[in-house]
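Engineer: Here is what each chain is made of, one letter per residue.
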Amino acid sequence: MQNGIILLVDVDALLEERRVENNVYLLDNTKKLGSIGEGTTDLTTNIVGALNPDGSIAGEAVMNWLPYGIAAAPNPVLRVAARKDHGAARFHELLAELKTASPANVAKIVARHEKIANQQECATFERKDGRHHEVPMAFAHPAGVSKGETTVSAGDLSPLISDITGPAVDNGVLYPAQYGSPDAITEGWYWSATVDTHKTGLHVYQIHLLVHRPVGKKGEPVVWKPETFVVNAKINVTAGTIANGFTGYGPGVLPLVPQLTAA
Amino acid sequence: MINVKSIIDVVGALDDNTLAGNCYLYDDNRRGGSLNQGTHKLATAVKKGDQILWTVTPMECEAYADITAINVPQDICEVKRYTYDGTAIVYWLGTVKEAVDDLPYSITLNVGSHSFSMTCDHGSRLIKGNA
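As given, the protein sequences belong to chains A and B, one line each in that order. First residue of the first sequence? That's 1 in the UniProt record's numbering, and the numbers climb one at a time after it. First residue of the second sequence? That's 1 in the UniProt record's numbering, and the numbers climb one at a time after it.
Just so you know, these hints were derived from the structure itself, not from any lab. Heads up, the beta-carbon is just placed ideally off N, CA and C, and yes, glycines get one too. Possibly wrong hints are sitting among the right ones.
[Said to hold, decoys possible] In silico DSBU-like pairs for lysine-lysine, Cα to Cα no more than 30 Å straight-line:
no. : chain 1 : residue 1 : chain 2 : residue 2
1   : A       : K128      : A       : K217
2   : A       : K199      : B       : K80
3   : B       : K41       : B       : K80
4   : B       : K48       : A       : K147
[What the hints assert, rightly or not] Every beta carbon over 12 Å from chain B, so not counted as near; a handful from chain A, in silico:
no. : residue
5   : G49
6   : P103
7   : A107
8   : K108
9   : T124
10  : S146
11  : D163
12  : G201
13  : K218
14  : V222
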């Protein structure tokens with residue numbers, strides 16, 4: 001099985017209080033396997049390794065990390081909101097131009113309107129080196145929410161993980177990397193690591209959590225500026241010889257009753 | 001607006017046949033007086049006029065969980081189901097119509113690939129917030 005760890009973040013509170021405790025919560029899917037500290041900032045994930053009788057690793061233990069903002073809509077919602085609906089006005093404008101256009105100009109008119117129709121609203125993000133880049137996402141009002149809530153806030157955007165480091169990585173217990181995911185909710189980057197389950201015991205690692213703060217003077221476009229917070233977590237690696245889950249003995253054929261054939 | 005996020009351990013809930021201990025509720029109003037973050041006994045601090053937005057996230061992205069009802073007296077907190085524009089992603093929005101002191105409520109979910117209905121009614125409530 002894969003060990004999944006969720007980081008749930010109150011981004012607004014994290015940026016205001018500037019501390020991880022009580023603002024970043026860790027949850028994993030292995031409570032029944034002995035993980036402790038579920039839902040707190042101090043999580044120890046139990047990783048159960050399976051070894052062959054000769055001591056070699058029978059199956060890789062894999063860890064996955066997914067960060068979510070408590071107040072943030074899923075990323076696909078922000079991307080869909082960026083697609084502008086130009087509505088009927090744009091359509092009528094196109095028809096009006098085409099009615100009076102010469103045959104030679106029709107292609108040019110269509111291309112110009114197509115370019116406008118495909119434009120997306122973008123949010124401006126600042127990298128750590130100060131450069132800006134545009135990302136097609138928009139922070140639209142969810143239907144039903146009071147129109148009084150007009151200001152975009154840091155909590156509207158889910159955090160990202162920018163790195164996994166620490167003694168567990170330095171000592172070759174965790175081998176982390178970033179991957180792309182088609183998952184409908186996270187729709188993007190996530191971190192995954194394989195675990196060397198020969199190295200049993202308690203190991204500490206750090207999750208580098210990247211949040212963004214919207215900064216902008218009145219009348220100027222908002223720029224999302226990055227800030228990183230480090231979250232400490234632990235894994236407790238145990239390992240045992242691989243066993244058949246039905247029989248409790250070594251892997252092999254299942255203990256099935258032989259089928260009797262007619263004489 | 002106050003956001004309430006439910007993280008559901010779908011495998012744990014189906015195995016234990018209960019959401020108690022398998023439903024982790026969080027809101028973003030700890031500074032306003034909410035209590036018991038990360039438990040099924042979340043107490044969300046609200047005042048009259050506040051809006052509350054409920055969403056659900058399964059602990060494993062391959063698992064399925066969906067809110068089918070927020071069970072709260074409608075004359076105190078009127079709730080309605082929405083989907084985010086252009087998507088099939090659901091959220092529930094409640095408007096607090098009267099001041100509350102300590103009002104228990106429950107969340108009903110479909111859990112797992114066979115949409116097994118379960119209700120988290122083990123202690124979540126709306127409470128009076130900090131002044």
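Engineer: Determine for every hint whether it applies to the structure shown.
Structural biologist: Comparing the hints with the structure gives:
Between the alpha carbons of K128(A) and K217(A) the distance comes to roughly 20 Å, so the proposed pair stays at or under 30 Å and holds. Between the alpha carbons of K199(A) and K80(B) the distance comes to roughly 51 Å, so the proposed pair goes past 30 Å and is violated. For the hint pairing K41(B) with K80(B), the CA-to-CA distance comes to about 22 Å; that is within 30 Å, so the pair holds. Taking the CA atoms of K48(B) and K147(A), the gap is about 17 Å. The hint holds against a cut of 30 Å.
Every beta carbon of chain B lies more than 12 Å from that of G49(A), the smallest distance being close to 20 Å; the non-interface claim holds. Under the 12 Å C-beta cut-off, the non-interface status given to P103(A) relative to chain B holds; the minimum distance is some 37 Å. At the 12 Å boundary, the C-beta of A107(A) stays outside the reach of chain B, the nearest C-beta of that chain being 30 Å off. Here K108(A) stays apart from chain B, with its beta-carbon at least about 31 Å from theirs, past the 12 Å limit.
Here T124(A) stays apart from chain B, with its beta-carbon at least about 22 Å from theirs, past the 12 Å limit. Once the 12 Å rule is applied to beta carbons, S146(A) is inconsistent with being away from chain B; the minimum gap is 6 Å. Separation of D163(A) from chain B is adequate, the least Cβ-Cβ distance of about 21 Å exceeding the 12 Å criterion. For G201(A), the condition that its CB be more than 12 Å from all CB atoms of chain B holds, with the nearest at approximately 26 Å.
For K218(A), the requirement that its beta carbon stay farther than 12 Å from each beta carbon of chain B is met, with the minimum near 22 Å. With a least beta-carbon separation of about 19 Å from chain B, V222(A) lies farther than 12 Å from that chain, consistent with its non-interface assignment.
Hint compliance for this structure: hints 2 and 10 are not met, and every other hint is.
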